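Asks: These are the residues of each chain, in order.
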Amino acid sequence: MGMDSEKNSLCRLQCSYASLDEAFEIGKETYRGQQYSQIYFARLHLMRTLLYSLVSQWKPQTPVCTVLGLEQGKECVIVGTLYKHMKLKPCILDEYSKERSAVPLVRPHNFMHDDDYLVLEDESGRVKLGGDLISPSVFVTGIVVALHGKETGAGDFSVLEVLEAGLPPQIEFPLKSREDKYIVLVSGLNVGSSDSNPLQLQLFIDHITGHLGDEKEQSIASQIVHVVIAGNSIGIPRGLVNGQNLASKDLSRIAEPIKELDILLNQIAAGLPLDIMPGPNDPANFSLPQQPLHRCLFPGSAAYNTFRSCTNPHSFEIDNIRFLGTSGQNVDDLEKYSDAKDKLEFMERTLRWRHLAPTAPNTLGCYPYTDSDPFFIESCPHVYFVGNQDKYESRVIKGSEGQFVRLISVPKFSESGVAVVVNLRDLECHALSFGTQFSS
Amino acid sequence: MAQTQTLALVEEIESLVSDKLQVVSYKWLSRNYMISSNEAKRLLQEFVEKHDGGLEVVYALSGWLKGSHPSYHIRLVTGPKLAEAQQEFDGNCSIQVYSVQASIPKDPAVLWNAEFIQAEELFKQPWSVDNCLRDNRFCGISSSFVQRNVDGMPVVAATPLTKASVGIGQTKMNVLQPQKNIAHDTIPRADLKSEDVVKDVKSESNGTGSTGVHDQVNKPSEDKEKVVPAGKKKAQSDKSGSSTGGSLASFWGRASAKPKPSSVPVESSNTVSNHNATEDAQASAREADGSGDDDNQDVTVRRSSNRKRRVVFDLSDEDEDVVSLSSPELPKKQSSQDSKQKDNKSSEKATLNSDTKRENKPMAKEEKSSDKKANQPFQEELSVINKCTNNGKSSSEKPQSCAPDISVNKDSTKNAAPGSPKRRKVMKTRIDERGREVTEVVWEGEETEAKKADKVATKKSENNVSTNSVNSSSGPATKKTPAVANTTGKGSKKTVNKDPKQGNILSFFKRV
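Residue numbers (the working numbering), protein chains in the order written: chain A, 1472 to 1911; chain B, 16 to 527.
Hints are computed from structural coordinates only; laboratory data are not their basis.
There's no promise every hint is true.
[To be verified] Simulated pairs of lysine-lysine, DSS-like, Cα-Cα distance not exceeding 30 Å:
1) A:K1687 x B:K65
2) A:K1862 x B:K81
3) A:K1807 x A:K1560
4) B:K96 x A:K1687
5) A:K1730 x B:K35
6) B:K121 x A:K1720
7) A:K1862 x B:K121
8) A:K1599 x A:K1812
9) B:K139 x A:K1720
10) A:K1652 x B:K81
11) A:K1862 x B:K96
12) B:K81 x A:K1814
13) B:K81 x A:K1812
14) A:K1687 x B:K81
15) A:K1730 x B:K139
Note that the structure is predicted; figures quoted are calculated from it, not measured.
I would like the entire structure built from these sequences, with the hints used as guidance.
Replies: Structure (structure tokens):
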């Protein structure tokens, strides 16, 4: 490609790529008017089998029984789905209640309240959970756990110990030393919105495609083998998409951001493989798993074999390293209904519960699957990322069987100008930031 | 680069910056003068050195930041702030000239504008052109594995279609030009997608991820692309008679993703059906199926037998992707499951049905299924229809039905399929009793009879009888048609009813 006398000797490295998104594609599912009980049932079944096998090692002496089979004072283990009763959780019935209670109808950011309590439910019944060891602020509705405790006189189940599913088994991390190869994670481009800085984004594209920088920098850039855009790529003004018919001039206002994004993606796809995931603000379906953005939105970029439109959540394997990521909806929802010190802790919890989005379908939109739950994490990823967060954070967690996972919280690029670069050799990551402020 | 060339460029830069007050960034420079990015940066560096005053320079600094967390930072700074910005970096940072301009704008994004306008221009070039935007040729890194599929949609109509059986269509294609590239491209890409995804997964899981893989992926998709564009072109060629609105709307309809390869033929046939293609680009529809040859023969046969506008191809479209002429949204294939593209003039069908019951059955089957397999029976039917055609019936009837209406009346390719239960939404133009030209969206096939309740009863009954099985599916389609008719507001009057000209069709038969 060198047009000048000096041939650029830099060649971009390549990697092997395998998409594991099949579970998240809705293609085969049919909607026959079913509701969500089936997905809960599937989840319970799936995880209960798993938990039973774990319980036998955890508490071999204690009997396992169903909720209905609880006897007062007898220690046993019960397995079921947790339900968290939240006082502040918005309920449609509140809007119709005759007397407006003190609870405001306006949604706060976090619906937790001190009076929340947990209930364990299985096919036979439910029982309220008591005791100090189980804290409602940590759990949310939809998790399947095993509880060891006994029934009290009041009819509650006093919890002595909690067993979560734990990190799933992980495939071997390919340890052979290899060259540095990088994968870039970015999210929240918000192209077309007023608070996005196109110059910053152009700098980003120039850097990873190898236009910017001197030899050294371009050689670093040539080691970037993959880019994943984790949602919220398009920032269409919210006021336009309110269901009203649009005047023709408004139509172009909607189409402009997408065209702009297509041009930008075209520049990236012409250089290296690109995955784009839909996010909460993208023109994709609302409920999880979000289906891939339609290729017709990107007529220019979709022509490239390097362009790949993926589902949200997105699971793929690069050079035998497994990645799993979402555009942020699962963690944002957890943040509304539970408490943790940072986003990475929410992510760690989802891994330990072995479920990507436990609050789906309770408070997170989800497709009513009938016989499977695609959010169940079967195999532990090596890198788990969540997009559209407030800041860049990263941590490694370890599992009981030697699993290790790099957790990454990818910030919104339009606000922070920060993308994340992960080194495939050792799963180290660093931030890639861009600044364009001139004044002051 | 020759010294003189450099000098000339430097002067040009100066004039651009000083006189036209344009922001000259290295990227803009490289794309404009076809030099590599590195070269452009060097050029700007020289320029800055030569012209010291009166110009603002923006530098791009990049390097690792000081701090506990490793962070690679790239930022743009103006000349005066260069030194202090360098302090923020840990160790050496590379400094390069990013752009020169007459003055620093308040909003940094203004720097990006000129570059983006240029990129947009490059982006808008015809698909087959491989420009510097599209192949990223000026960057410092070569990526040999990247391939771009230029679909077979030639800009100039004269390009021979790979599988286009319709030689006749070619001439028409020359006429058409207003290609909505985006709309067109979506379809081949839609097909591509499924192919690519499937193949990519397979191939990449093998750990190759190299060009070889891509070749495999690209080939079939390219074939399909060629086929589809062919169909599209034909469709377009026929715009003259039919309402352009219909053709435009059909683009949207076609733009729905068709993951199945069968979608390609379907789509092409869809487009065809929507436009009155004398050539009956149905051939194109057939091609994808591989039955193109048969179709061609059919077509030729048809032509010989009285201007068969309708090609049996319509039968093959069991796949939806129905070009809903009225629907501006991009219908997913489910959108019109039952709206098959089978264009059948109901009248013709009626007569045909009565004549060729056996054809109806396979067609009915087709209607139901949305698989490519259905194409097979259609193919057979084609041959059957051919025979019928030769009898001077079915196929000939359809085109003829148009004929009496008006020469302008170009129906979307109605399949001459005798009594084909395929329903197809077609735009039909005719002169009504008051002498006005009426364009309406009409469901051909058993649909039509349902719609045209007030029409020739005989025909309807015939159709109903023959296509009982399809009636269920025709129901929703029927409902759709009025909606379609309402929404296709292209300025032409829409009447859901078939006009009394249906009677003329019969007269045509008599003529034959």
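Asks: Compare the structure with each hint and give your call.
Replies: Hint-by-hint comparison with the structure:
1. Simply put, K1687 of chain A and K65 of chain B have alpha-carbon atoms about 26 Å apart, close enough for the 30 Å limit, and the pair holds.
2. Distance hint between K1862 of chain A and K81 of chain B is fulfilled; the C-alpha atoms sit about 18 Å from each other, no more than 30 Å.
3. Between the alpha carbons of K1807 of chain A and K1560 of chain A the distance comes to roughly 9 Å, so the proposed pair stays at or under 30 Å and holds.
4. Between K96 of chain B and K1687 of chain A the alpha-carbon distance is near 23 Å, which keeps this suggested pair within the 30 Å criterion.
5. Among the hinted pairs, K1730 of chain A with K35 of chain B is consistent with the structure: their alpha-carbon atoms are about 28 Å apart, no more than 30 Å.
6. Our distance criterion of 30 Å between C-alpha atoms is met by K121 of chain B and K1720 of chain A, whose separation comes to about 28 Å.
7. About 27 Å separates the Cα atoms of K1862 of chain A and K121 of chain B, which keeps this hinted pair within 30 Å; it holds.
8. For the given pair, K1599 of chain A sits about 27 Å from K1812 of chain A by alpha-carbon distance, which is consistent with the 30 Å threshold.
9. For the proposed pair K139 of chain B and K1720 of chain A, the alpha carbon gap of about 20 Å is at most 30 Å, so the pair holds.
10. With a CA separation close to 23 Å, the supplied pair K1652 of chain A and K81 of chain B stays within the 30 Å bound.
11. A C-alpha spacing of about 27 Å is found between K1862 of chain A and K96 of chain B, which places the hinted pair at or below 30 Å, so the restraint holds.
12. For a cut-off of 30 Å, the pair hint linking K81 of chain B to K1814 of chain A stands: about 25 Å separates their Cα positions.
13. Proximity of K81 of chain B to K1812 of chain A is assessed by CA-CA distance (about 27 Å); at most 30 Å being required, the pair is judged to hold.
14. Between K1687 of chain A and K81 of chain B the CA atoms are separated by roughly 18 Å; this keeps the pair inside 30 Å, and the hint holds.
15. Between K1730 of chain A and K139 of chain B the alpha-carbon distance is near 11 Å, which keeps this suggested pair within the 30 Å criterion.
The structure fails none of the hints (numbered hints given earlier).
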